[in-house]
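J.: Turn these sequences into a full structure, and let the hints guide you.
In the numbering used here, the protein residues as written are 44 to 1145.
For the record, the hints were derived by calculation from the structure and aren't laboratory data.
It is possible that part of the hints are untrue.
As the list claims (entries may be wrong) - Calculated cross-link-like contacts (lysine-lysine; reagent style DSSO-like; alpha-carbon spacing at most 27 Å): (1) K335 / K234; (2) K560 / K397; (3) K590 / K523; (4) K590 / K552.
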Amino acid sequence: MKKILLMSILLFCAGNLAAKHDGWYVNTLTRNYPTPHLTWAKNFPEAEVLLIFPRIEGRHVAELLQRYPVKETVFVTYNGQKIAHDGVYDAALSGTGTYEKNAEIREKIQKKYDAVVLVDVPFDKLSPDVQFQLLQQVKSGTGLLLINTAMPYSKPLANPAANPAFFTETIHPGTVLRAYQFEKGKICTVKYRKPGMMPDIFPDRYWAARYENAQMTLIRALDWVIKGNSVPLKAVKEGNVLHLPANMDTAEYRLRDEYNNILAQGKVENHSFTLPELPNGTYYFDLLLPGKSFSTTEFKQYIPERNITLNVASDTLSAGEPVKGTLITGKTFSKPAKIILSLIDYPHNRIWEKEIMEIPAGKNSISFEIKDYFMPNAAGYLQAALYSPESDRIGYTEKELIFPRPYPQEGYVQFSWGGPADPLMAMRSGDDLGFSAALSHYKVSLDNARQYTLLNQRLVSYLTRISVLKGKNGEVNFNKLFYPEGMKALAKLGGDHNFYRPEVQQIWKDYVHFRMKGLPRFSPLLYSLGDENGNTLSAGFGPSDLKSFRNYLKQKYGSIDKLNSQWGSSYLNFDVVPHRPLAVTEKENNAPEWNDHYEYMEKMFADVHHFCADEIRKLDPDAKVGLEGTFGNHNIELMMDKLDWWGPYSNLLEDELIRSLYPDRPRFIWIGYHKERTMTYPHTLLDALLKGVVNGNAWYALSDDFPHGILAIDYTDSYAKKYMDVFRRLRFGTAQQLIHTPLAQHGVGIFWNHNSKRASKADPRCSNPETSIAPLLRYSYRNGVNIEFVTARTLDRLKDMKILFLCGISSISDKESAAIIDFVKNGGTVIADLYPGVFNENLKKQNRNPLAELFGDILLKNQPANQVKPLQTPLMKASAALTNPAGPYMVQKNCGKGKAILMNFSFSVIETSALPVTPFDDFVSGILNSAGVKISHSATAKAALRIRKGKGYDLIGVIPEEYSQPVTITLPEKAYIYECGKGQTDKEMKKSFTVEPGNTPLRIFAAFAEKQPVPELILPETAQPGDKLEIPLASIPAGQFAVLRIFDPNGKELTSLSRVLKVHRASRMSFAFPFNAVCGQYRFLLQNFTTGLAVEKRVTLQ
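T.: What follows is the structure, encoded as structure tokens:
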């Protein structure tokens, strides 16, 4: 037993030490993301401080270190309850396991510190020996700051110390401070009403000042446990004078408003400060004693006569809707007074509109209407400032406004799992990384919806997770409702949750309405019905299912005679049709019967989604409803009937099906996870964009405390620089060019139907269509040939096809068969692999094959078992192939103007087993050529190659398999070649060009028959704050992409104002200078991204 225990411990440690990825980003803290902050501890000596804190507090610790001089040693815990976590995600990172973390803290506690800070980590979560050594240091004089940290021992806190002076100064509401003396060491405890390092500060316009003050409290506490002194610095307000403590000869002052704007600063004189004329509001007066101490004093200014009431007709404004309302002052004036209305975005605090209005003498109210305003953000504020007849600013007030916008039809949407917690993260996630939306669960308080919207992130609202489960008696069971009342109601139904029961649908309706309460106001970008949704096909045998199942059969078959013909039964009517268990029907191999049960459950699964979507749209008519994928057991066409978007884990076949069948719907694949950390570049995203299987980016995850976070715990990049450089550039043209330029149509189709996936269950000689389709899709990526899908719902697509592949299509209806035969007779080519059409659409074995006119009367009763064996045909020689051993192979039959070819082997094995004399790609290309498909472009090296058709140009996208290897692309004819985003590659027309390795593996080129012009940029030389510029795009041809990038006087790009636009006739771009913009020279770069040609101009803002 001891040997087994020892071996388990060794394996556990080895597993953690063998982590694949560097976990630095959840274990260390950098100072590589400096943020705006105030100076407090001027000329203070650096102290040696050990900081112990959870990952989620990393940025708050970094903010503290910006404000107080420290030589820091950090120890980062998993969260506020665990030092380490050995789960599957963390186990993949170095430095995160229990063994490693305990070794790390034991090493770090050996050093002598001036102070130790514990943040939200219970003291007894540290190992006993570390606790002992830490307390020994405190007894010897090391300060101890406990922030929301429980101390389990009474002795260190047995001796209260005299309250330091700063305890009586400005403290955030709900903050409780205590001071203790433990022999030579000082201990300060800080507690809030919530967990974490900081008090609960909502990230609105007042966040910056409140956050600054809360940080100041912590560094005062840290300063006290280190030095033990606390100089009284509280200012006392008397009228418009602040009286200051004595000995202020070297002190400096700073006056701030409630937005953290500095209104005045300088040297203290005469131990007092006379306040300037201030409007009503909250203010902070800071005192700084260089090298000694610092403080802030909060005071409020309120004069009733200066009060203003601002009423708006609506605080939620759709695009183009004017801001209307009334304003009432606290008094009337004998002379006209002035009101300045300002429209301010958030969190940037840019003023986009200003209107000056006059309140007539003797009046105290006016109405207003602001039209044609510019507002780039999801939310902002309307501020009304009152000026007296003498032009003194005497009052102001604000209203929070929300600006819902429709889903961008020609944009590139990026959303993250989880959103920004505060403006500091918002600037990183939005401005820097380009995320415009965040996925989050619904909260009854709507705090997260409001928070994300204010931080300029649209909400992707996670409303539910739909899981159709199997109860203990085979009934349908739902247990994932985030709705206590709904779960209680379901419990009363005795476990039978068949969705077609009216009472179950009422529960779901109430559930959706509960989760939607208040949400439409925030105009979620997308509504999600869940991730990893699940459907249990073996469920659906509850007491109420019998009636529902019979209703389904009646709807499907129409007559009992038709059902009997499929099931081989003789029921008198639908009322006596039994719902036999799958164990019986599968044992009998009555495929139509068990298939009908599967279809019944697939329909129920889809109907739950559609029902929820319909209820959501009743409450929000503009809603786009979808989900983040399932665990399978769904019919994708049935699901997408009433869904607006799809975002699952990647699956080769389904990704392409959705791309082909639903090209205009938002499509995502969850990208992120640990696998990305092995990549030099964001290959998964680049590859998906190139292939066209996504038209947006769903990233898992943003969170700074999560193993998969794109941000480190201090909000710096957690991925390598090359990776992040490419990630950032995607949104400035690359993604839009790929998403909104349609793939070239080569006339190559794959026929798809859902039930053929189940044919192999009915007979093992039939193969899953995916096994043959996947090799064809991979071929298409390598050879620049686009393949589209044809289904029973899209048979009209056949008119655009030259060749149609039937891969594993063993199940087929008469309607489908007739359309395919007609396609061949009209000149098309059909290729089938194994056993086409041997079942009908209900999985009943055919007595006569409906495709006999094309392939002969193939029936399963005449066929031997499949064999994997060597293949020898004139066109394909392979060491192994999955075959019908009866052959013959590659049998061609002419029919009308076209032809049909029966391979009698699958594409699946020969993709890798083809002999060098007949390479797989040559084999497929030969088939396509024989059908008249022209393969227009080729690459000399292994690469993903996708061809798109722009207006007047071919768009060639390529990702080499080996990034360091050049790839030569051959064109169908000579052309002028331009690298998108970079410019012309050669002044002469070329029939081929070579793609040399660059700073991104994804390269896009546009081939034109004529040389392209450099765009023109017409701008004034000077402008004033508030000026609006109209930028005509007539010099960029329609169908190409314009990118406008703006750089401020310091050279920093204003990424939130940069724009990408697919040019249409008479297109133009607009730009406005905020009224509070920094004056100086701005650089405007207008690029025709398609050609890479660009022009820049400079405008001086005066």
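J.: Decide, hint by hint, whether the structure agrees.
T.: Structure-based check of each hint:
Under the criterion of a C-alpha separation no larger than 27 Å, the hint pairing K335 with K234 is consistent with the structure, at around 25 Å. Of the pairs offered as hints, the one joining K560 and K397 is violated, with about 34 Å between alpha carbons and a cut-off of 27 Å exceeded. The straight-line distance between the Cα atoms of K590 and K523 is roughly 25 Å, inside the 27 Å bound, and the hint therefore holds. A distance of roughly 22 Å separates the Cα atoms of K590 and K552; the hinted pair therefore holds under the 27 Å criterion.
In summary, the structure is inconsistent with hint 2 from the numbered list given earlier, while agreeing with all the others.
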